[in-house]
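Chemist: The chain contents come next:
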Amino acid sequence: MRNHHWIWVFAVAAPLMAQPQTAPKEINALLVTPTEVTFRTADEGMHVLVTGTTAEGEKIDLTASALFAPVDPVVKIGEDGLLHPVRRGDSKVTVTAGGKQAELTVHVGDLAKPPQISFIRDVEPVLNKVGCTSGTCHGSAKGKNGFKLSLRGYDPDFDYEALLYDMSGRRFNRADPARSLMLAKPTQQVAHGGGLRIELGSRYYNTVLNWISAGVPLGNPAGDHVEKLEVLPSEVFMHGPNNRQQVIALAHYPDGSVRDVTREANISSNTPEIADVDATAHVKGERKGEAALLVRYEGKFVAVPVTVLNPNPGFAWNALPQYNYVDQLNDAKLKRLKIQPSPLVDDAEFLRRVSLDLTGLAPTPQEIRAFLADKIDSRAKRSRVIDQFLASPAYVDTWTLKWGDLLQVSRRYLGDKGMWEFREWIRDSIAQNKPYDKFVYQLLAARGSSYENPPANYFRVTRSAKVSMEKTTQLFMGVRLVCTQCHDHPFEKWTQNQYYEMAAFFASVGLKPGFQSGDEIVYDKREDNEVKHPKTGRVVPPKYLVASVGAPPIGSIPDRREALVEWLTAKENPFFARAIANRLWSYFLGRGIIEPVDDIRASNPPVNEALLEALTKDLTDHDFDLKYLMRTIVNSRTYQASIQTNVWNADDKVNFSHAMPRRLSAEELMDAIALAAGSRPKFREVPPDTKAEEFPDPHVGKDGFLDVFGRPARESSCECERRSDISLPQALNLVNGRTISDAIADPKGRLAKLILAGTSDRAIVEELYLASLSRLPTAKEYDAAVSFLKPVGSRAAWAQDLLWSLLNSKAFLYNR
Amino acid sequence: MWRVAALLVAISFAASAGAPPMLTGLEPRGAQRGKSFTLTIEGKYLTEGGQVLSTLPATFTPLTPPQEKMAAGGKLPFLVELKADTAIGAYPVRVQTPDGISNVLLFSVGAFAEVTESESKPESPEHTNDSLETAERIEAPVIVNGTLRGPDRDYYRIHAKQGERLVFEVEARRLGSAIDPVLRIVDAAGKQLARSDDAPALGVDSRVDVTFPRDGDYYALVHDARFSLQSQDFYRLKVGNFTYAEGIFPLGWKRGEKVDVEFFGGAFSPPVKTAADLSGISPKLEFTRINVPGQLGSLPFLFVVGDLPEKLEPSHAANEPVALESDTVMNGRISKPTEVDRYKLTVSPGDHWNLELRARGLGTSRLDGVLSIYDPKGKKLASAGDKPPKEDVFSLLSAGRTSSDPWLDFTVPKDVREVTVTVEDLLQRGGPGFGYRLHARKAPPDFTLTVANPYLNIPAKGTVAVNVSVNRHGFNGPIQLSISDISDDFIVEGGHIAGEWKDDAYSISRNGLLTITAKPDAKPRKLAEFAIWGEGKTADGAVVRRRAQCLGMITEVAGGTGISDAEGRENQSPFVAPWLGFDLPVVVTSEQAGELKPNAPRMLRLVQGMGYELTWNFAKRNPDAKPPETVGADVSSPPAAEIQVRRARTEKKEEKHAEKGAFNILTTTRTPPEKFDLILSGSDSEESEDAALVTPVITLDIVQGYSLTAPKEPIALQPGGKVELVGAFHREPEFTQPVTIAADYLPPHVSCRPAELHSAESEYRLSCEGEASAKPGEYEFQLTPASVVVGLDKREVPYKIAPVTAKLIISESKATQAAR
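So the sequence lines, in the order shown, correspond to chains A and B.
All letters in the first sequence, in the order written, are residues 13 to 828 by the working numbering.
All letters in the second sequence, in the order written, are residues 134 to 953 by the working numbering.
What the hints contain is simulated information worked out from the structure, not anything from laboratory work.
Fair warning: there could be bad hints in the mix.
[Claimed, not checked] Ranges between beta-carbon positions, derived for each pair:
no.: 1; chain 1: A; residue 1: Pro-759; chain 2: B; residue 2: Thr-197; range: 53 to 61 Å
no.: 2; chain 1: B; residue 1: Gly-323; chain 2: A; residue 2: Asp-737; range: 30 to 38 Å
no.: 3; chain 1: B; residue 1: Lys-513; chain 2: A; residue 2: Lys-450; range: 32 to 40 Å
no.: 4; chain 1: B; residue 1: Asp-484; chain 2: A; residue 2: Ala-725; range: 50 to 58 Å
[Unchecked claim] Restricting the straight-line Cα-Cα distance to at most 30 Å, the calculated cross-link-like pairs of lysine-lysine (BS3-like) are:
no.: 5; chain 1: B; residue 1: Lys-575; chain 2: B; residue 2: Lys-594
no.: 6; chain 1: B; residue 1: Lys-254; chain 2: A; residue 2: Lys-524
no.: 7; chain 1: A; residue 1: Lys-544; chain 2: B; residue 2: Lys-512
no.: 8; chain 1: A; residue 1: Lys-555; chain 2: B; residue 2: Lys-520
no.: 9; chain 1: B; residue 1: Lys-216; chain 2: A; residue 2: Lys-524
no.: 10; chain 1: A; residue 1: Lys-537; chain 2: B; residue 2: Lys-324
no.: 11; chain 1: A; residue 1: Lys-450; chain 2: B; residue 2: Lys-520
no.: 12; chain 1: B; residue 1: Lys-391; chain 2: A; residue 2: Lys-537
no.: 13; chain 1: B; residue 1: Lys-469; chain 2: A; residue 2: Lys-478
no.: 14; chain 1: A; residue 1: Lys-537; chain 2: B; residue 2: Lys-927
no.: 15; chain 1: A; residue 1: Lys-478; chain 2: B; residue 2: Lys-520
no.: 16; chain 1: B; residue 1: Lys-324; chain 2: A; residue 2: Lys-694
no.: 17; chain 1: A; residue 1: Lys-446; chain 2: B; residue 2: Lys-659
no.: 18; chain 1: A; residue 1: Lys-537; chain 2: B; residue 2: Lys-216
no.: 19; chain 1: A; residue 1: Lys-694; chain 2: B; residue 2: Lys-254
no.: 20; chain 1: A; residue 1: Lys-703; chain 2: B; residue 2: Lys-254
no.: 21; chain 1: B; residue 1: Lys-324; chain 2: A; residue 2: Lys-450
no.: 22; chain 1: A; residue 1: Lys-547; chain 2: B; residue 2: Lys-520
no.: 23; chain 1: A; residue 1: Lys-544; chain 2: B; residue 2: Lys-520
no.: 24; chain 1: A; residue 1: Lys-393; chain 2: B; residue 2: Lys-477
no.: 25; chain 1: A; residue 1: Lys-639; chain 2: B; residue 2: Lys-324
no.: 26; chain 1: B; residue 1: Lys-730; chain 2: B; residue 2: Lys-753
no.: 27; chain 1: B; residue 1: Lys-324; chain 2: A; residue 2: Lys-703
no.: 28; chain 1: B; residue 1: Lys-324; chain 2: B; residue 2: Lys-216
no.: 29; chain 1: B; residue 1: Lys-391; chain 2: A; residue 2: Lys-524
no.: 30; chain 1: B; residue 1: Lys-254; chain 2: A; residue 2: Lys-760
no.: 31; chain 1: A; residue 1: Lys-524; chain 2: B; residue 2: Lys-753
no.: 32; chain 1: B; residue 1: Lys-547; chain 2: A; residue 2: Lys-537
[As the list claims (entries may be wrong)] Covered stretches of chain A (chain B as the covering partner; in silico rule of three or more C-beta atoms under 8 Å from a C-beta of chain B):
no.: 33; region: 426 to 437
no.: 34; region: 557 to 568
Cβ atoms here follow ideal geometry from the backbone N, Cα and C, with glycine treated the same way.
Pulled out of the complex, with its shape left as it was, chain A reads as follows (with noise of 0.2 Å):
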């Protein structure tokens, strides 16, 4: 029999009440979310999201208002608004929400049976939830008023093993456990400089109460730890601002339960100005654009998209030719998101931008002619042209600059010869079109003098197997590690175990002198050749930081160094054919499809999983063939977008909808004004005619126009460290500096010769246009600079000035 009095409407927070939806909308179909929920203890609830879509597909989310009427009395609407069990049995619920109906299943068990309280199922989240581990709080490095907890409670055993044995054991009164201290500080019974943290008579209190009468059980290490988390929904879209969602947080156990752990759960946003999210889990989109939400439950962590869309109306997709599968994919998000993609831009500015891109050069003036007359279709030509670049010799430069970026090469660490040697190495590699994961395996298992073999120099470099590890994950697979070789990752799932297991691959790397002066031969060490937890102090057996098909089991192959790398390198590596594919393409696109592009985790999803996946995907079916992924993404419409914008993508700055200006890099700008002036400065340590994209390293001009302009010191391998930034000692530098001008005043530069050569005033400003701007002036500014002669009176200062002006230009300074 039906008893339609078991029928309450959800009481949710009062703000959600405050704003209803715009406009309803017609529900055609409701789902339940969970469709099955099954209780074994009394005091469990769970939430369950009701979801309407309409016709048009929008899902929107009536939680809020759906109605639940249960079919039989054997669970409840608590006043946390949450269904709770009542008497054993299995039934039914029914959900009644935008004029629609589903049903739901639910299962409850023997209610009878106490329920088996534990320190790590029940009271560790407790402590984290109300802030007791946090950083600030006992979670920080030396604890609060001699009391310490690990940071957001990532080692329970430490934990419960600090609240038994610390001051012997006197936070708990057994006898009468509502006395005990450790209910009697955070409920302020006794004061405690972190003040008010639990409500006496709270769920939490009882929950500690609860714990203490039971005599403490530290509980089951295999069995209680959260073996999955789910969040529910498992991606928000939102089809405008002030829309809101209830998202729901479930932990799952080794024994197969299940707890809702929304109100446990720490749940953020990582762009609050487009999603938010409030302490009762509802996230409300503030305006257009993308985010994520990070849910993080007892060392589990889940990472939500949401999408809110652009609300104004009259948005139609205008479909522009799609040329490979980057723009199909990156269309298909644009057109989601209603941003309407810029179409191609001209070909000049192409070719200033592709050859930037592929060879860290501006085009010459006889180049871009070439280029501009070529009456083909523009779409081969530009092909054509790619191709060209990607076999020239600067390709080769401005790479090995960049992977000398990486692997920070420098005499600093190297000196003079091992320097060389390294870059030379790498400047092979990539004039051979060594396939990624070839050069990674060499330069991971490289052993011997750094002279003899280069790439040992890498741990010339890094020196100890603790940095080698940091440097390794976040240069190959992007992956941060740092903090964790004291705690547990904060903000990712890594474990400060899993820092020592992946260090331990590097255990044996020792370092001694050469036979030459300045070298240093990397060897196996024989002894002292493992590393130890800094808590135990035992030594710690490697282990890969993830399972992934194709990894040899660790000892079937006897250098631990290699038995990385083929884990590694492994085309299912889940991190590294996308760490280099999401890297490749910010150094077209200006940013990564991940940004930043060396830390990747679940809090930093990618803004297109499609086009991410299909450029690893392309990448590992053309055997790390790093050129051939570079041909495919510069060949692209979305590449070759204008930097023009238009009403409906002009605010997009992450979904690639158009060309973003950069900044010229520090040698780039170097190269574009010797090509411009015709004039390269010297520089001891490099033959006269080496480009600064062939510099060696940052000891080459120190403390010059290139420092200014934000080369990287070689430090870390952090693309950050490469700035793109503008500053006034830039501005001052490019106004007033020697750079400049003694490029533009050289007696053999490009304007001398103009000039000496008697070359007409129109000429002079079109090859000063070529070679600065690699265009040709508009009609407009040849009158502009012609015009400008007159009063000045002598050509060559004139000359001087135009130049002077268009390298100050923002067209010379950015690559559009």
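Fit chain B to the given chain A structure using the hints.
Modeler: Structure of chain B alone, referenced to chain A:
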């Protein structure tokens, strides 16, 4: 060490009547065998009439020097007629003038026609062949004599036919150039076909072997690996179809015997053996040169010549140990990757053994050797080469931290009568180029010596200093340096190398300084060679006497940009050529214009912590003599010995060209009681003919201020009784401070009143008494002396020497005895 040598060389140059010659270059650097040519020797102070001293089988006929260069003595031209059968190789060239002898430069004799790079010719502009477009055309076979001036790249264009094979080789460091050459072969499009930096068996020199893919122009590019700026910046690019090998085996053999030497690699596949005759090689020489058979062109290989019996590693089953005999050199080879050569060595417990492996350090092996010793149960007893060398080893190598071949000083544990010695490559490599020489020697502790000066010009009535370093192989005692068979014309002083000691900073006493003074009647004479010896006594009284090795020549090698770090990665080792087999070449030159005279005894006794004001004056020998611009001091002590020599008078007008001055010699209470040698030297900042002077050694004999000995017999004391403790005390005359001697760590209920000694007492006395409750028994206690020392600055510093241990016997009291 090298820096000191350079200073001393510079010091020896300047003499009143003219400075000794100094060579900076040879033009050309080499010649084709059998050809006659003009050799221009470049340098300084090359006065007309200078005579060439060389082993080059040639005649040297002086030509008229270019007049414009005569004033500076910058060039000496000779017409050189090489004998037709001159062996290919490097030959030392030095010049002797009336003012002395010069340094050595090497001259190379080759098989091909020689040309000089255009921009290396006099007055040529720089960077004229720095690109493909401006490459200089050459035709094989040829040797190009070129130079690299800093960030320089030299391109040479050569036409080749499809399938044509040419060997390109750069000779540079092997001939004493400071260049570390890199050689590239590129095609007309700039695509690199081959590259070599350090080729097998060529040290840092380069070689590529190219078969050209098609007809056309190709380019050989030579540059320095660091683009560094060097004073010796020459190279010889050899292009031709000559025979070369990548290695030889064995790496050496016994003097006077014949041995089959195997050449492999390059043109020698399969390897080829050729007989080498080592008879008639001078006992002074540690190396000879073995020519590569076949088409002439390669420089010969250096080959060790020894005096011990030699054996070749016999063929044997894998892992089967081979017997290793004492004082026999085993010539072995790690012939394939992961191979470990095992040797069985019969030993006796307590014996001291020295095992030495020579391989990579010889320049003819690729083996980074690891040497290990295992007991019969397989337990590793010792190993070397499998970890960074000890800090103290690096201290020998001040200019560039480098590894050396491994050696082990090993004492056999008890119950061990046989050990297994293993040899392997650190990187588990192997192949024909991984040869080695293993020498096991049952021997007392030993040492070797190296002289830093490549040659000496001793001014008549003047003094020069010689710096010698010691490489200790278990011998840790003091060493006295001397010169054997030196005539009465000379006085040798100093040469004290203090005993081995370390502090927390690993400072080690391993340098010696001696001076040679020519007596007034010593006249300029012909070149002689001095053999320097070091002698020390082991703990059991055995004498160890070793002859110092001389370096032949020194080429300083500058770092690239000079950017260095704490690890010293840019400190470059100089090029030296001990294989030239020279002892220390010496001539007596003209008298100097004046003399630097220290006003101190030659043996200066200093109590730890005390100082001494050392004054000096400049004595003119002729009225125009000008005092040296600056006068400095060098001490043979390492920094941690805490001996400082500070300039005492700093008034500016006295600093330059002063006729007198003073230094304060300062010690601390931690300065070890050893002998160290000190010299004063006067020099001028500009290289000029003005006098640069060295004083004979003043030996600093550092001593303890006082000493005491414990009473010979145990002190007997009864409970409730008294006794006077008496021991011997010695005080240095210079040490006048009171000394207190206290008894520490006495048993309970026993006390001694400290003794205070004020003057020349020869014994100390402490009154001790025991309470009735003092417990009978035998006890040890300490006598701890304490005092202060007064330095030059008049400040008192606490001064303690090590306490001595004494014995005390407390017998039962009479009452106790009676009660029992």
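Chemist: Hint by hint, note whether the structure agrees.
Modeler: Hints, verified against the model:
1. A:Pro-759 with B:Thr-197: 53 to 61 Å: violated (42 Å)
2. B:Gly-323 with A:Asp-737: 30 to 38 Å: Because 36 Å falls inside the window, the suggested range holds.
3. B:Lys-513 with A:Lys-450: 32 to 40 Å: Because 37 Å falls inside the window, the suggested range holds.
4. B:Asp-484 with A:Ala-725: 50 to 58 Å: holds (56 Å)
5. B:Lys-575 with B:Lys-594: violated (46 Å)
6. B:Lys-254 with A:Lys-524: The given pair, whose Cα atoms are some 43 Å apart, is violated under the 30 Å limit.
7. A:Lys-544 with B:Lys-512: Within the cut-off at roughly 25 Å; holds.
8. A:Lys-555 with B:Lys-520: holds (26 Å)
9. B:Lys-216 with A:Lys-524: Violated: Lys-216 (chain B) and Lys-524 (chain A) sit about 47 Å apart, past 30 Å.
10. A:Lys-537 with B:Lys-324: Violated, at about 39 Å.
11. A:Lys-450 with B:Lys-520: holds (29 Å)
12. B:Lys-391 with A:Lys-537: violated (41 Å)
13. B:Lys-469 with A:Lys-478: Roughly 33 Å between the alpha carbons, so the hint for Lys-469 (chain B) and Lys-478 (chain A) is violated.
14. A:Lys-537 with B:Lys-927: violated (54 Å)
15. A:Lys-478 with B:Lys-520: Roughly 20 Å between the alpha carbons, so the hint for Lys-478 (chain A) and Lys-520 (chain B) holds.
16. B:Lys-324 with A:Lys-694: The given pair, whose Cα atoms are some 25 Å apart, holds under the 30 Å limit.
17. A:Lys-446 with B:Lys-659: violated (64 Å)
18. A:Lys-537 with B:Lys-216: violated (54 Å)
19. A:Lys-694 with B:Lys-254: holds (24 Å)
20. A:Lys-703 with B:Lys-254: holds (29 Å)
21. B:Lys-324 with A:Lys-450: holds (22 Å)
22. A:Lys-547 with B:Lys-520: Holds, at about 28 Å.
23. A:Lys-544 with B:Lys-520: holds (20 Å)
24. A:Lys-393 with B:Lys-477: violated (74 Å)
25. A:Lys-639 with B:Lys-324: holds (18 Å)
26. B:Lys-730 with B:Lys-753: Cα-Cα ~10 Å, so holds.
27. B:Lys-324 with A:Lys-703: holds (18 Å)
28. B:Lys-324 with B:Lys-216: The given pair, whose Cα atoms are some 43 Å apart, is violated under the 30 Å limit.
29. B:Lys-391 with A:Lys-524: violated (38 Å)
30. B:Lys-254 with A:Lys-760: holds (26 Å)
31. A:Lys-524 with B:Lys-753: The hint is violated at about 54 Å.
32. B:Lys-547 with A:Lys-537: holds (29 Å)
33. 426 to 437: holds (count 8)
34. 557 to 568: violated (count 0)
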